[in-house]
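Guided by the hints, dock chains B, C and D with the ligands onto chain A, whose structure is given.
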Amino acid sequence: MAKTNGRRTIKTDFLARVEGEGAMRVVIRDGSVDDVELRIYEPPRFFEAFLRGRSFMEAPDITARICGICPVAYQLSACNAMEDAFGITVDGPIRHLRRLLYCGEWIESHALHVFLLHAPDFLGYESAPAMARDHPELVAQGLELKKAGNQVMTVVGGREIHPVNVRVGGFYRAPSRRELLTLVAPLERAREIALDTVRLAASLPCPELELDHELVALRQEGEYAIERGRIVSSGGRDFTPREFDEHIVEEHVERSNALHAGLVDGTTYLVGPIARFNLGFDELTPLARGAAADAGLVPPSRNPFRSIVVRSVELVHACDEALRLISAYEPPDRPFVDVEPRAAAGFGATEAPRGLLWHRYELDEEGTILDARIVPPTSQNQRAIEHDLRWFVERYADLPDAELGLRCEQAIRNHDPCISCATHFLELEVDRR
Amino acid sequence: MAAPRKKKLAVWKFASCDGCQLSLLDCEDELLPLAGEVEIAHFLEASSGVVAGPYDLSLVEGSITTPEDAERIQHVRRVSRRLVTIGACATAGGIQALRNFADVKDFMSVVYATPEYVSTLETSTPISAHVPVDYELHGCPINKHQLLEVLSAYLNERRPAIPSYSVCIECKRRGNVCVMVAHGTPCLGPVTHAGCGAICPSYHRGCYGCFGPMESPNTASLAGWMQRLGSSKRDLLRSFRTYHAAAEPFREESEAHG
Amino acid sequence: MKLIEQPALDRLLEALVARGYRLVGPTIADGAIVYEEIRSTADLPAGWTDEQEAGTYRLSRRDDDALFGYAVGPQSWKRLLHPPSVTLFRARRNGEAELELVDDTEEPEPMAFIGVRSCDLHAIAKLDRVFLGGRFVNPEYEARRGRVFVVAVNCGVAASTCFCVSMGTGPRASFGYDIALTEVLEDGRRHYLAEAGTERGKELLHGLPGREATVGEVEGGERVVERTAESMGRHLDTEGLPELLAESRDHPRWDEVAERCLTCGNCTMVCPTCFCTTVEDVTDLTGTEAERRQVWDSCFTLDFSYLHGGGVRSSPRGRYRHWLTHKLGTWHDQFGSSGCVGCGRCIAWCPVGIDITEEAAALREEPK
Amino acid sequence: MAEAAPASLFFPTAYRIRRRRRETADTWTLELEPAAGGEVLRFAPGQFTMVYAFGAGEVPISISGDPERTDRLVHTIRVAGATTRAICSVKRGGVLGIRGPYGTAWPVERAEGGDLVIAAGGIGLAPLRPALYTALERRDAFRRVVLLYGGRSPDQLLYTSEVERWRAAGADVHVTVDRAGDQWRGPVGVVTTLLERADFDPATATALVCGPEVMMRFTAAGLVASGVPPQRVHLSLERNMKCALGQCGRCQFGPVFVCGDGPVFSYEAIEPLLAVPEL
Ligand SMILES: Cc1cc2nc3c(=O)[nH]c(=O)nc-3n(C[C@H](O)[C@H](O)[C@H](O)COP(=O)(O)OP(=O)(O)OC[C@H]3O[C@@H](n4cnc5c(N)ncnc54)[C@H](O)[C@@H]3O)c2cc1C
Ligand code: SF4
Ligand code: SF4
Ligand code: SF4
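Protein chains in written order, with our numbering: chain A, 1 to 433; chain B, 1 to 258; chain C, 1 to 368; chain D, 1 to 279.
Isolated chain A, as found in the complex:
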């Protein structure tokens, strides 16, 4: 961090506690913000390129490798897209199992973010293990919650990272009732912890900030949308994943060499927990809705620093929902629906823990992938994140550099950016000074 005649540059070379590796650069000239940049120097891995020529059956497993934090999101968005292309619907117990698996990923990922990545910011620690020295029970609870999510993924998916059980059309094997029942006790315990977490998160000090981005999330009547739904926005937009391109464009922004997603009319938008919460509050389970209300969280709630509370509410919801799905579970007769490939384009979207994840494939008559496009949440949020940063720096430019740097990092972490996901579309700029 350097200060030269009225020009201040705050640089964090490695953003810690985000998934993947990135950096942030803020340039302040004469007290006002000149430039804000979130840089990503994750090396590109070219998923869209090497998906060409692969079989549609391989897409769930291959795209899972884009991100080890939210593999289920990739697997199920890919499945949705393939099923859309081939004109099949997956419903009943198979869909419920998918939703259960996805709840597991939400629990795991949100608990990771809330307890291990984000809470240390609020409480002033560099890491969860450091925080554990003063707050051992807090970290232990977070880990227990996280573990319950991982257990769901292990039972339904086979393992916690890159589960093996997901296939186009459903699952390779449907778990037995008995297997699922082993999850009840840990999930009940997790739900208790999640309720405590809402209270705790709501008590954390937090700066006032109201976002004016348009909020975009999936919505599905009768349920808090996770693994399916239409895309809706706070600005009244409502479209199917197939119509994504008519509403959302990825722009080339010269300044940052990055592709930023925006709405066609140029509006900045935000996906993720805050968007979901505001657009789907009425569909939360009563318990989750009640917990949110008790914590003073009701829509509209647009403060990104409150995202930790929203995630906690979603934790309650995911545990509650998982328990409901388990108690209603009857194994399907067959674990998957038969799939007949045909030449077509398919579109699929689901709600990854970090927000809307959209896939599009073009396939030939044998189901070989001709073209693939994937738009993950972090790419969609990049513009909003930079916007928040700018707002924040303008407001708190008086803070000493070190302090401001940390605060900025926190502002970024509000959105839990997953840089691993982002890299296969973001231009990278290597800056290692």
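Just so you know, these hints were derived from the structure itself, not from any lab.
Don't take every hint at face value.
[Stated by the list, open to error] Chain D is faced by these chain C residues, among others (derived, beta-carbon under 10 Å):
| hint | residue |
| --- | --- |
| 1 | Phe275 |
| 2 | Thr283 |
| 3 | Gly287 |
[Claimed, not checked] Straight-line C-alpha distance at most 25 Å; calculated BS3-like pairs for lysine-lysine:
| hint | chain 1 | residue 1 | chain 2 | residue 2 |
| --- | --- | --- | --- | --- |
| 4 | D | Lys91 | B | Lys6 |
| 5 | D | Lys91 | B | Lys7 |
| 6 | C | Lys202 | C | Lys2 |
[Unchecked claim] What the simulated footprint calls covered on chain B by chain C, stretch by stretch (three residues with Cβ under 8 Å from a Cβ of chain C suffice, anywhere in the stretch; the number is not a length):
| hint | stretch |
| --- | --- |
| 7 | 32–38 |
| 8 | 159–165 |
| 9 | 170–183 |
| 10 | 190–204 |
| 11 | 215–226 |
Backbone N, C-alpha and C fix where the C-beta goes; we use that ideal spot for every residue, glycine too.
Then chains B, C and D with the ligands, alone, in the frame of chain A:
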């Protein structure tokens, strides 16, 4: 007697999905005891505190795909007493090594509007292609129990007890019914390195080789049998060309069906 | 010899449960007949059979409702008597000077094996020889083994992979059972001929509803077994086999089979007599708790013969040769009989269909 | 703590290291006694125990002490890998697990009335030392007692401080090294070269041989060529072993188990097997 100095652990990331380092955070029951045993000196995914090297043990995730990373790994090696690669990317180049079979410029133009800005190498290579590696832990992703075994082995100065035989041995110990013999499902288990606990067959699918080649893989014989089960040449090429596409035995076999 | 019907079989199972036995028997899971906990004859694979070939196993429907109308599946009783993973002991360390060794072996629970085939009775006898009949008696094995009640079944069908007749191990149960059953299906009727092999077997049998079989009925049971013996799918010429193997160590056939063998170890895992193990040492992160675990191993792994400086059997050829030679040859030297009981599991469950009978026969051919 | 009766054959007895002595750069001799007191296990020369180092593993190690000195168990161990390294790094006062003894013994008594030839290579002297002690204690029962010992270099020789004592007790000791330094005045070459130097009567001799497998093959063949009957030449073999009980299957050497039928075999019995690669 003074308490012995805690060993310093560092976690590094190259081109990867973060899943293998996440495995460390997935050790929910062991994470805090581990933090008590070692000084987690460099682990960006989990901590903003960075303690300067040298480090007693470095876990390296990810493959080398850019000129900058090729330099950075040299630095990592210099500051690490022991260097252990974790996962398919670091150990074999990962799924991104599919670029090794194509022209990377074509790949770039598929993904990027302005490919000139992208700095990347022609190939994705494992860490061992750049620096000496003390131990390679297999898996895409690694198995967290094996990660703990590696950690406790290095903390206690012993060799990790990690077998390199086939997935079949784990599969049979587990009591699974063989999916290849009983269902006719092609399975890479016989040529794949153990470690996952034979998850895929337990879920009624064939192993897809995410732990890479086992100690003495006879891929040609297995490929012949898979053909009898109905795999086409293209299926075989795809089967051997995934997360360990660049591991020698799998590379050769995939090219035999190219 | 007593003649009983299916309800009496259920009575037998109930009586065993009442005496504290956990029932383990054939049932269908994941497309195969496996040995798992059962509760009644309703859990048995009624009306199912298995079609086996080298590298292939498929369930198919019979045109009757026989309870035991199939051969052996992927598992054997070895799994229960010599489990795939056993904790040997645990150790705790307090500094270097104190090492606490903890043996917390638990008393095994009594088990009743339902539907043991003759080849498997022989296989159990071979395991007994290894663990109880050598220089050291293995107390854990002895404890498990001593708590087993055996209900054998004489085979009514042979799979195409069976060759017990060649090995002199079947298809009729001749020893090692408490009760032996023969399933007789005639004129659309189904009944069981039951005979006791032990006092406790006799006592249990006595309490079951049924009647003494007539001479004709007993002969009907004999015919079942004879038909099975005549329909063996495979044959192995055992004449002078150990000597042949000892002389064939340089035979080119080993190179041919090594081209196909995957060194995957499946054959050794499914073999009901393969007993080899390794020991895994694990410690916790703090280095204060350690555990030693014995797990099934295979002579197909490189570690099996590892000596400082390199493995003894590093080539696939050396490993396959060792396996086949041990099964059919050196087992005689070590334990006084063949190590193979002709169950055919290794043939069916080899992923590339390598056939022990074919390989042994090929060694009799003069090298070309 | 009251020790429960060991149910498992794998259950070791805790032995405490009461003395440690560095023999060479990588080899240590450990003197052990039962940590809880009580009798030290009794053994015959050539037998081995399974030595367990906490968390690291358990390996076969020959007993290298004097069978008559029943107050201690002595092992000489070369660091070959992880387990032996762990064993050798346990300090004085530290505890190891021991079970045994296992295996066959050197037939020292069969040499009585004739010459006894002991040929050792490297760490192979450790399992032979008990046989030498036994022979020297009853020196009169034998005609000549000859020790032929080869090491890689002078600083890798074991028990050098005892050599003079052995000579004084009536042993004819010949030592050779593969690579000599400036200080070395003895012979240079492999152990087999000592066969010509040594004075013994092949017709009455009994030979005990231990060392690397190649060394044993050549030495045994040399002994037989010089006229020692093959049934009176004995070798000690090494194979991977996890149980030493004949139940893990790993130490099979064709028809025999090294742990129980060996490790000491007569050359006559195993000569044909030694010639088979990958047996
Ligand atoms: C009967 C017998 C007596 C022995 N006596 C002695 C002795 O007195 N002094 C001595 O220093 N060494 C002796 N050895 C050799 C000693 O057992 C090995 O050096 C030791 O097992 C190496 O183990 P490690 O884990 O340190 O080495 P690594 O090379 O890491 O070996 C890994 C594993 O392979 C097996 N293994 C490797 N080498 C051998 C081997 N040579 N023999 C048996 N198993 C092996 C062990 O299970 C070992 O744990 C004897 C071996 C046998 C069979
Ligand atoms: S069975 Fe194979 S593909 Fe499946 S998890 Fe294991 S190693 Fe990976
Ligand atoms: S060798 Fe094969 S046929 Fe013989 S007993 Fe073993 S598995 Fe059965
Ligand atoms: S014979 Fe068959 S089952 Fe056995 S190791 Fe070879 S390939 Fe595997």
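Evaluated hints:
1. Phe275: holds, 6 Å
2. Thr283: This interface hint holds because 4 Å falls under the 10 Å limit.
3. Gly287: holds, 7 Å
4. D:Lys91 to B:Lys6: With a Cα-Cα distance of about 21 Å, the restraint between D:Lys91 and B:Lys6 holds, given a limit of 25 Å.
5. D:Lys91 to B:Lys7: At roughly 21 Å apart (the allowed maximum being 25 Å), B:Lys7 and D:Lys91 satisfy the hint.
6. C:Lys202 to C:Lys2: holds, 10 Å
7. 32–38: holds (count 4)
8. 159–165: It holds: at least three residues are needed, and the stretch 159–165 of chain B offers 4 whose Cβ sits within less than 8 Å of chain C.
9. 170–183: holds (count 11)
10. 190–204: It holds, with 3 qualifying residues against the three required.
11. 215–226: Contact hint for the stretch 215–226 of chain B vs chain C: holds, 8 residues under 8 Å.
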